[in-house]
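Protein chains: 2
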Amino acid sequence: MEPMKEKELQILNASLDLFVERGFHGTSTSEIAKSAGVATGTLFHYFKTKEELINRLYLYSKECMLQEINDDYHSENSFKDNINALWTALVDFGINNSAMFQFILSFHCSPYITSLTKKEVETRSERIMEAYILGLEKQKIKDVPYDLIVDYLWGSVVTTVNYFEKHPQKMNPQIRDLAFDLFWDGISR
Amino acid sequence: MEPMKEKELQILNASLDLFVERGFHGTSTSEIAKSAGVATGTLFHYFKTKEELINRLYLYSKECMLQEINDDYHSENSFKDNINALWTALVDFGINNSAMFQFILSFHCSPYITSLTKKEVETRSERIMEAYILGLEKQKIKDVPYDLIVDYLWGSVVTTVNYFEKHPQKMNPQIRDLAFDLFWDGISR
DNA sequence: TACTAAACCGACTAATCAATCTATAAATAT
DNA sequence: ATATTTATAGATTGATTAGTCGGTTTAGTA
Numbered sequence: 113m114e115p116m117k118e119k120e121l122q123i124l125n126a127s128l129d130l131f132v133e134r135g136f137h138g139t140s141t142s143e144i145a146k147s148a149g150v151a152t153g154t155l156f157h158y159f160k161t162k163e164e165l166i167n168r169l170y171l172y173s174k175e176c177m178l179q180e181i182n183d184d185y186h187s188e189n190s191f192k193d194n195i196n197a198l199w200t201a202l203v204d205f206g207i208n209n210s211a212m213f214q215f216i217l218s219f220h221c222s223p224y225i226t227s228l229t230k231k232e233v234e235t236r237s238e239r240i241m242e243a244y245i246l247g248l249e250k251q252k253i254k255d256v257p258y259d260l261i262v263d264y265l266w267g268s269v270v271t272t273v274n275y276f277e278k279h280p281q282k283m284n285p286q287i288r289d290l291a292f293d294l295f296w297d298g299i300s301r
Numbered sequence: 113m114e115p116m117k118e119k120e121l122q123i124l125n126a127s128l129d130l131f132v133e134r135g136f137h138g139t140s141t142s143e144i145a146k147s148a149g150v151a152t153g154t155l156f157h158y159f160k161t162k163e164e165l166i167n168r169l170y171l172y173s174k175e176c177m178l179q180e181i182n183d184d185y186h187s188e189n190s191f192k193d194n195i196n197a198l199w200t201a202l203v204d205f206g207i208n209n210s211a212m213f214q215f216i217l218s219f220h221c222s223p224y225i226t227s228l229t230k231k232e233v234e235t236r237s238e239r240i241m242e243a244y245i246l247g248l249e250k251q252k253i254k255d256v257p258y259d260l261i262v263d264y265l266w267g268s269v270v271t272t273v274n275y276f277e278k279h280p281q282k283m284n285p286q287i288r289d290l291a292f293d294l295f296w297d298g299i300s301r
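Chains V and X supply the protein sequences, listed in that same order. So in the working numbering, spot 44 of the first sequence is number 156, and the numbers just go up one at a time. So in the working numbering, spot 48 of the second sequence is number 160, and the numbers just go up one at a time.
Treat the hints with care, as some may be off.
Just so you know, same-sequence chains aren't split out, so a pair can sit in one copy or run between any two.
[As the list claims (entries may be wrong)] Below are the BS3-like pairs computed for lysine-lysine, each with C-alpha atoms no more than 25 Å apart in a straight line:
id: 1; residue 1: Lys160; residue 2: Lys230
id: 2; residue 1: Lys146; residue 2: Lys282
id: 3; residue 1: Lys282; residue 2: Lys254
id: 4; residue 1: Lys117; residue 2: Lys282
id: 5; residue 1: Lys117; residue 2: Lys162
id: 6; residue 1: Lys254; residue 2: Lys162
id: 7; residue 1: Lys254; residue 2: Lys192
If you're looking for bench data, these hints aren't it; they were derived computationally from the structure.
Kindly produce the complete structure, drawing on both the sequences and the hints.
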């Protein structure tokens, strides 16, 4: 991604919080501009339309998340350890970037995100996941459609992050590892 | 719930589809009225405000879902069989009532649903789940916080329903049972 | 210093929104 | 039969919206 102007980032960050809180149509461009400390004219200088804003915001958020799991794969580690590292990185990202995580969650199947944006994100996502995927040693994992396992991993991450959001006092590595076991013991034979 | 006038139901059904497709603020009351085949005046006769409409729609949807799992508990069956019946009933509801399921998913933590509505739904929900909960025999289940198990069950249902939505050709009882095993083997020791 | 282009501003506009209002028609009660 | 309430419609209203426009400031460059 190209480096971003300061005001552009301010607008992205302001709209991130507002979109999560009130949704796409529930947030007016003037509110975003005010919250970002810029004029509406400036907003439309950086983003041609409100739709372009949310699409760029989606790309930006996904990019942030993917960067977190980019360097976690180590071929010398066991398959379980690698999956655990991936799962944990995603959960940690969700906890430390609550708004971004919720945004990705809420908007990944939203009609405002164009299919072009989705495709761009998916291609990137698949390339990064590839390393983990290749390690999918069939003998240790149940004979279940590959993409069901992937969806199930993401579902488990989402459940865990939301659980920690709801019960912050229970947020500790022990329960986190316990939650991973719920996933791992489910998929392993 | 009280019996509903015909037009009231038409409005609820029309708004269900539109809210899922375009969100709360993305759907205008005039669109809802048109799609329901009534005038806007009629809509506001049955629902004082747009917010009341979405709250009543939420109650109505949850009620439909809870009715599906109301009579499935049988104390003479094993704990696993009961949990399986619950899980399967929820997945089947999600498949057969796609819009309602997505609506519940999207709006259960939405700011438009008042805390009063949420409380009303939760109380009802907890009373129905109680039977299943009581059967939670600790010796068969991992020693994990009770509400994490509940969240994890719901997460597993959501993942499974969405998977079937995405891959309709893979929607069969075999894969459904396989998905249940992913959940069950995760929580059982 | 003088020129240019990009960044930035906020008043403005046409469209759209939730909700109201007035007017009938239908149903129910007396 | 008559009075009263309820159901329905659609035109209307004041507020709000996404996006524009003309002008000003800032930053880079010759």
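Hint by hint, here is what the structure shows:
| no. | hint | result |
| --- | --- | --- |
| 1 | Lys160 - Lys230 | within (19 Å within a copy, 38 Å between copies) |
| 2 | Lys146 - Lys282 | neither (36 Å within a copy, 48 Å between copies) |
| 3 | Lys282 - Lys254 | between (30 Å within a copy, 17 Å between copies) |
| 4 | Lys117 - Lys282 | neither (39 Å within a copy, 46 Å between copies) |
| 5 | Lys117 - Lys162 | within (18 Å within a copy, 39 Å between copies) |
| 6 | Lys254 - Lys162 | neither (44 Å within a copy, 48 Å between copies) |
| 7 | Lys254 - Lys192 | both (13 Å within a copy, 20 Å between copies) |
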